[in-house]
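Novice: Sequence:
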Amino acid sequence: MATEAFNEAKQRIQRLPKDGVKDPKRVLSAMLDNLPPSGRAAIANETIAFASDDELKQTSEYYVHNVFKPNELFFHFELKSAGGATPTSTPSTYEELEVQADELSGSLGSYASSKSLERICFPRDNFKRVVTQLMSQRMPQYLRPANSIPAPTQTCHIVPLALAQHGSSDQGILQASRTTWSTLYRLFPGLESRMIGSNLLTDINNPRNLFTVVETVHSTFGRFDLALEPIAGQSNLYNIIVWQDGAVGHILPLLPNNRIARLSNHGDPSVPLPDPYFFEVHLVISRILHASGLARLLTELLEDYCEFHSLASDGSTNIPYSTEGA
Numbered sequence: 001m002a003t004e005a006f007n008e009a010k011q012r013i014q015r016l017p018k019d020g021v022k023d024p025k026r027v028l029s030a031m032l033d034n035l036p037p038s039g040r041a042a043i044a045n046e047t048i049a050f051a052s053d054d055e056l057k058q059t060s061e062y063y064v065h066n067v068f069k070p071n072e073l074f075f076h077f078e079l080k081s082a083g084g085a086t087p088t089s090t091p092s093t094y095e096e097l098e099v100q101a102d103e104l105s106g107s108l109g110s111y112a113s114s115k116s117l118e119r120i121c122f123p124r125d126n127f128k129r130v131v132t133q134l135m136s137q138r139m140p141q142y143l144r145p146a147n148s149i150p151a152p153t154q155t156c157h158i159v160p161l162a163l164a165q166h167g168s169s170d171q172g173i174l175q176a177s178r179t180t181w182s183t184l185y186r187l188f189p190g191l192e193s194r195m196i197g198s199n200l201l202t203d204i205n206n207p208r209n210l211f212t213v214v215e216t217v218h219s220t221f222g223r224f225d226l227a228l229e230p231i232a233g234q235s236n237l238y239n240i241i242v243w244q245d246g247a248v249g250h251i252l253p254l255l256p257n258n259r260i261a262r263l264s265n266h267g268d269p270s271v272p273l274p275d276p277y278f279f280e281v282h283l284v285i286s287r288i289l290h291a292s293g294l295a296r297l298l299t300e301l302l303e304d305y306c307e308f309h310s311l312a313s314d315g316s317t318n319i320p321y322s323t324e325g326a
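By full-length UniProt numbering, the letter at position 322 of the sequence shown is numbered 322, and the numbering carries on one by one without gaps.
Hints may contain errors.
[To be verified] Quick list of simulated restraints, FRET-style, between CB atoms:
hint	residue 1	residue 2	range
1	54	244	33 to 41 Å
2	239	192	20 to 28 Å
3	5	172	30 to 38 Å
4	248	48	33 to 41 Å
5	269	15	51 to 59 Å
6	55	215	38 to 46 Å
Calculated from the structure, these hints are not laboratory results. Computed from a predicted model, the values in this text were never measured in an experiment. Note that CB positions come from ideal geometry on N, CA and C, so glycine has one too.
Construct the entire structure; sequences and hints are all you get.
Specialist: Take a look at the structure:
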């Protein structure tokens with residue numbers, strides 16, 4: 001994008017007044033600083049186009065409710081083995097995005113069981129956690145090194161499974177899901193080209209979107225407190241990124257000293273390795289959540305809500321912001 005447009009957008013955002021704990025200035029600045037070029041261009045153009053502070057606040061609200069809040073909450077539902085319905089998003093302030101959402105109807109089918117996914121991904125990943133290299137309890141006994149101690153292992157979706165909306169018949173929920181996907185495609189154009197099938201569920205359950213982790217890393221990755229950064233020019237090699245303002249103390253001793261993860265296929269060569277672009281999308285969302293302060297806010301709101309309320313088994317609970325500024 002043109003440097004002039006980027007600088008103009010930054011200056012416009014800086015003139016916004018601070019507004020509560022969910023500060024639109026921080027949210028839009030974090031997006032402008034961390035999105036890929038096409039996403040930055042979209043945010044810059046919107047920022048310049050909207051003259052009033054209220055319009056920019058609505059812009060920030062749109063992305064919080066349709067991208068960052070769903071991704072944060074959906075990973076929680078996945079970890080709890082709940083269904084895939086999304087909290088209903090607030091109405092879009094952009095008519096054209098709603099039109100795009102209507103076009104992304106997508107069919108939703110039955111999803112593969114976690115056991116079948118494990119049977120595919122565990123051998124590929126050599127029955128080891130990608131991040132920690134701890135051995136899975138599912139590794140056959142004859143393959144285990146002497147005196148090794150296994151630990152619980154799970155398959156982890158990079159793009160959350162719940163975003164596929166399997167099993168939901170609620171039209172409001174499905175429309176909210178379509179809005180989320182159309183917005184993600186707008187910010188991350190490479191994501192749409194990788195959703196190659198007619199069924200989002202099939203694409204999300206593809207081994208390209210799965211990797212093997214220990215349970216504690218799964219939850220930390222799902223809270224966006226840990227991410228894998230593709231190393232430029234190195235195939236299937238990743239920097240392990242952690243955010244110290246998140247709940248990461250319990251996993252730090254498990255990480256390799258060099259904070260590098262290498263992915264390789266130890267099983268059926270026809271089973272693909274995780275797509276680096278999915279890790280890149282997760283990394284960018286993580287950076288925006290932490291730079292904007294949304295990571296802590298959304299985690300605290302979810303924890304507070306769960307303490308006093310029960311979540312719907314289909315994941316459809318709409319978790320409100322508990323403070324005026326949130």
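Novice: Each hint: holds or not?
Specialist: Now the hints, each set against the structure:
1. 54 - 244: 33 to 41 Å: holds (35 Å)
2. 239 - 192: 20 to 28 Å: Since residue 239 and residue 192 have Cβ atoms about 26 Å apart, the given range 20 to 28 Å holds.
3. 5 - 172: 30 to 38 Å: holds (36 Å)
4. 248 - 48: 33 to 41 Å: With a Cβ separation near 37 Å, residue 248 and residue 48 satisfy 33 to 41 Å, so the hint holds.
5. 269 - 15: 51 to 59 Å: holds (55 Å)
6. 55 - 215: 38 to 46 Å: Taking Cβ atoms as reference, residue 55 and residue 215 lie about 43 Å apart, which means the hint holds.
Figure legend: structure checked against the earlier numbered hints; every hint is met.
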